[in-house]
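Residue numbers (the numbering used here), protein chains in the order written: chain A, 1 to 71; chain B, 1001 to 1506.
Careful: at least some of the hints might be erroneous.
Sample of chain A residues lacking proximity to chain B, with all beta carbon distances greater than 10 Å (derived) [to be verified]:
(1) Ile6
(2) Thr16
(3) Gly51
(4) Lys64
No more than 27 Å apart at the CA atoms, straight line, and that leaves these computed lysine-lysine pairs for DSS-like [unchecked claim]:
(5) B:Lys1090 / A:Lys64
(6) A:Lys40 / A:Lys67
(7) B:Lys1187 / B:Lys1426
(8) B:Lys1014 / A:Lys64
(9) B:Lys1043 / A:Lys35
(10) B:Lys1014 / B:Lys1187
Think of the hints as simulated: they come from the structure by calculation, not from any bench.
Every residue gets a Cβ at the ideal spot worked out from N, C-alpha and C, and that includes glycine.
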Amino acid sequence: MKTAVITVASNMSDKTYDRICNGFAEILGEISFEKVIDDKIIGGFIAEIEGEVFDMSIASQIAKMQKQISN
Amino acid sequence: MPKIQMEEIGGFLKKRIAEFQVEPIVYRSGTVATVGDGVVRVKGLPDRLYGELLEFEGGVYGMALDLEEDGVGAVLMDSSDSINVGDSVKGTGVVAEIPVGDSLLGRVIDPIGRPLDGGILDCDEHLPCERPAPKIMERRPVDKPLETGILAIDSMIPIGRGQRELIIGDRQTGKTSIAIDTIINQKNSDVICIYCAIGQKASNIAQIIGTLRAAGAMEYSLVVASAASDSPAMQYLAPYAACAVAEGFMREGKDVLVVYDDLSKHAVAYRTMSLLLHRPPGREAFPGDVFYLHSRLLERSACMSEELGGGSITALPIIETMAGNISAYIPTNVISITDGQVYLETELFHSGVRPAVNIGLSVSRVGRAAQHKAMRKASGSLRIELSQFREMAVFTRFGSDVDTTTKKMLDRGNILTELLKQPKSKPYTLFEEVALLTAYRNNIFEDAPHTEIKRLAGEMLDFLHNNCASVENAVNSTGDLDEEDANRLADSLNSFKESCLNGEHQ
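Model the full structure from these sequences, guided by the hints.
Below you can see the structure in the form of structure tokens.
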């Protein structure tokens, strides 16, 4: 069975976390989840599934925005 | 009006932020398993490409060169100080690429396109460093000369646009000088020049850039530099990056000259990388594909057909030999790939023959067809004459009694040797080269003492600039010397000789 590692900030509610997990389970089928808490990401989440990373964290989005503005 | 500017900036920022869309950033990732000697083993990282750039923590880049089932072996572009075991590694999804375009002219960049001369690089277009060579049907024969401005080379070892001519010799024999002089001589032609330094001393690179700037050559040139302190991966990538930049220009139908200085150090950098990646060593510990390493690079030099714009890439790779041994592994490899070589000799260099070209061992396999008509007429059988002279000079070293024919041949040979000597960064125009060779043919210097020939040749050229300007313009613009002009040139030379005999040039 695949494992998805979901990194979230500590301020995320359990309800939101469950919604994220359900969303992935709907797309990918049977899957187990592992929760990692990292406040460096500020908010949002990062999901890693077997080497593929989906980064929806606030920290990365800000970094991306900074890059786009400075270009 | 600072207020308006503030509003402008605010509006600009607001617009940019409004344009920003929140989208998931998707990439593949792995973790660092081992780090050492500039080589990193990465666990995980599925679906990566061969040669893909990997981003490590701290903004360090690496190149994936060993693809295995459960991981990747990568070489680092920068120092490995900031990388720890367990760090995450991002796959960028792109192979190493380099910016291309006119805005690179005058710049100094590293092999992954970062400017080394300060400021930013304004380039929209990128090309991958590793690209396939042009196919057979896309090419056409070399038919246009690339003037080096060096008499010994233009007359006897002519180089054509699209040719690959190796410059080979021991250390301190003037290999780089020939390449740099050639770049400087492209000033009034339409050739774009790229100097690629591979594993060179940073002080040398700085000096070369200084020389090019001082000669005004940076306007149409650029430098791709990897210094001796850069990682082997950077040194390995440098010539491919330089070639990709050249291909960018060639695609637009331009003629490009690329100097790879030097490929011996490139082979050594590749050997370092291969050994660290645990690839099996072969002869002299080089990996098995060291021939392909250089052949795939030099095959990318080409003269493109008219339908494809008719651009060209001329390559001047440089190889450093040890104690004159041109039959070592890497020199023989590159000699067999290129279309000829200019062989420089320590002995000649120290006896004052500069450029120290050994004519006997130097050849150009395609350039003759591309030579200017005027030069072809003037040079004739120069090569054979010089070879015979060198042979005879060695022979007569043992005894002083020689018959008159031999003596005459030796005298002519000495005159030719003197005429072929040329100081650094003083390229001749086509007309000057043709005039010097015609003067030699017409025995203008036959009675002059050998030590005076250099001075007289200079005075002769000044004399011709003043008295033969119409011929000069015709030769330099058409590349041909018709019969009428040839007679006019011969007359001018004779009148110069007469004025010499009358004591005007003592």
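To see whether the hints hold, each was checked on the structure:
no. : hint                  : verdict
1   : Ile6                  : 13 Å, holds
2   : Thr16                 : 16 Å, holds
3   : Gly51                 : 4 Å, violated
4   : Lys64                 : 7 Å, violated
5   : B:Lys1090 / A:Lys64   : 15 Å, holds
6   : A:Lys40 / A:Lys67     : 19 Å, holds
7   : B:Lys1187 / B:Lys1426 : 12 Å, holds
8   : B:Lys1014 / A:Lys64   : 16 Å, holds
9   : B:Lys1043 / A:Lys35   : 21 Å, holds
10  : B:Lys1014 / B:Lys1187 : 47 Å, violated
Checked against the numbered hints above, the structure breaks hints 3, 4, 10 and satisfies the rest.
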